[in-house]
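Engineer: The C-terminal residue of the sequence shown carries number 632 in my numbering, and the numbering is unbroken.
What the hints contain is simulated information worked out from the structure, not anything from laboratory work. Virtual Cβ for every residue (Gly too), placed ideally from N, Cα, C. It is possible that part of the hints are untrue.
[Claimed, not checked] Just the calculated beta-carbon pair ranges, DEER-fashion: (1) 294 / 601: 20 to 28 Å; (2) 229 / 283: 21 to 29 Å; (3) 522 / 294: 21 to 29 Å; (4) 261 / 480: 36 to 44 Å; (5) 250 / 360: 36 to 44 Å; (6) 285 / 575: 18 to 26 Å; (7) 402 / 453: 42 to 50 Å; (8) 298 / 618: 25 to 33 Å; (9) 382 / 551: 39 to 47 Å; (10) 480 / 264: 40 to 48 Å; (11) 389 / 236: 35 to 43 Å; (12) 453 / 627: 37 to 45 Å; (13) 237 / 627: 48 to 56 Å; (14) 228 / 551: 19 to 27 Å.
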Amino acid sequence: MTVPKLSTTDYLDVVGEAFRSDAGGPDPSGHFGVHGGRFMPEALMATLAELTDAYLTARSDPLFHAEFAALLTGYAGRPSLLTEAPRLAEDSGARILLKREDLNHTGSHKINNVLGQALLARRMGKTRVIAETGAGQHGVATATAAAALGLDCHVYMGAKDVERQALNVARMRVLGATVQPVEVGSRTLKDAINEALRDWVTNVDTTHYLLGTAAGSHPFPAMVRDFHRVIGVEARRQSLSAYGGLPDAVVACVGGGSNAIGIFHPFLADDPVRLYGMEAGGAGIASAAHACSITGGSVGVLHGARTYLLQDEFGQTRESHSISAGLDYPGVGPEHAALHDAGRVTYQPVDDEEAMAAFRALSRAEGIIPAIESAHAVAGALRLAPALRAELGREPLILACLSGRGDKDMSTAAEYFGFEGERA
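Please model the entire structure based on the sequences and the hints provided.
Structural biologist: Spelled out as structure tokens, the structure:
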């Protein structure tokens, strides 16, 4: 069953709800409890203050709402579908719904945030955008928005990710973006962010840093969240319309956490709705080879914000690991850190093996190939189903955010499964 789309005539109301000023946090200094803040070089402080003012003004401007809504509906293809996955769920004891962000233009949730930030950059008089990317989805979305709005685009990408996401690198270059492989450090997302920040310091007058996740310094965590709140606003309305109530649980993958905070946020006040964030467990949480910043990390400062991260006893950032390039990040957005501390969201690890099993299961049961990032959420939904059924004494309704499609991951999947080996 696929739930019909909301009418585009109603979509301006969706955007208005997403931009509600009472949506919750941060405080004026950018903190979510003890997390968040603005720990950045002095050279960027004035730029961040300017960005904060520009965003708060745009968030309350009906013209900006209308421009954003028009791009989301007429260009990105929103609202995204809500699709039930009966064959996937038939042995799980639950009904599983998929929020189909994979069907958006460019193939993931990333287009929501980049269209919002690109509009904001143009409104501020910037002519160039820079971005970091891991799986390449944010880079592709940024290059797409830049092409559509007439902005120059430069994307930083860890050299390791360039190798495992060659298709998305080609897409970015076709769209006119310059892609800069980053050879330093672990050659992954963390290092790409570092290089993008260096660029921004040098070119603040002409350039906007279009950060792709709900992490980093204030105002990025709140701004990225608000541009992605349309995911949860839509899903909440679709669930009420089609099922006469809200889901019992909402599940999303968490790296930096943009898709997760976008779908979780409109459900935060709905106490009966359980919220689960699935971190990248890599080779296992007991090993050093994972990306579980909350379930396997500690509090520190990373990329301008206090949050949970992977660090050693000397406070140095540890390398993360995940089969998923988009979750291969040693930190998490500060609002996720605060939601963990408050107990409102439960965060759990999903290791590579479990994620790839879910990747295969969804592909073969429903004909939907998810991004490996999204497969972590699917794995979480399948794992949670029996326990929720036992707890509730009935068939639970579980909503999983399918944050992206798996085209970009075909080479990784081919290598993992072998296609002709026993695991295929």
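Engineer: Between residue 480 and residue 264, does the C-beta distance stay in 40 to 48 Å?
Structural biologist: Taking Cβ atoms as reference, residue 480 and residue 264 lie about 32 Å apart, which means the hint is violated.
Engineer: Could you check the hint for me, namely that residue 294 and residue 601 are 20 to 28 Å apart, CB to CB?
Structural biologist: This hint holds: roughly 21 Å between Cβ atoms.
Engineer: Against the range 37 to 45 Å, how does the distance between the Cβ atoms of residue 453 and residue 627 compare: consistent or not?
Structural biologist: Check passed, 42 Å falls within 37 to 45 Å.
Engineer: Taking the beta carbons of residue 389 and residue 236, is their distance inside 35 to 43 Å?
Structural biologist: 39 Å, holds
Engineer: Return holds or violated for the Cβ distance of residue 261 and residue 480 against the range 36 to 44 Å.
Structural biologist: 38 Å, holds
Engineer: Tell me if the beta carbons of residue 402 and residue 453 are separated by a distance inside 42 to 50 Å.
Structural biologist: Roughly 45 Å apart at Cβ, these two residues keep to the hinted range, so it holds.
Engineer: Okay, residue 250 versus residue 360 on CB: inside 36 to 44 Å?
Structural biologist: 26 Å, violated
Engineer: Is it true that the C-beta distance of residue 237 to residue 627 lies inside 48 to 56 Å, as the hint says?
Structural biologist: 52 Å, holds
Engineer: With respect to the beta-carbon atoms only, verify the hint that residue 298 and residue 618 lie 25 to 33 Å apart.
Structural biologist: Holds, at about 27 Å.
Engineer: Quick check: does the Cβ-Cβ distance between residue 382 and residue 551 fall within 39 to 47 Å?
Structural biologist: Roughly 46 Å apart at Cβ, these two residues keep to the hinted range, so it holds.
Engineer: I want to verify a distance hint. Is the separation of the beta carbons of residue 229 and residue 283 within 21 to 29 Å?
Structural biologist: Given a distance of about 26 Å, which is inside 21 to 29 Å, the answer is holds.
Engineer: Given a hint of 19 to 27 Å, does the C-beta separation of residue 228 and residue 551 actually sit inside it?
Structural biologist: Hint holds: Cβ distance 24 Å, inside 19 to 27 Å.
In terms of the numbered hints stated before, the structure departs from hints 3, 5, 10, listed from lowest to highest.
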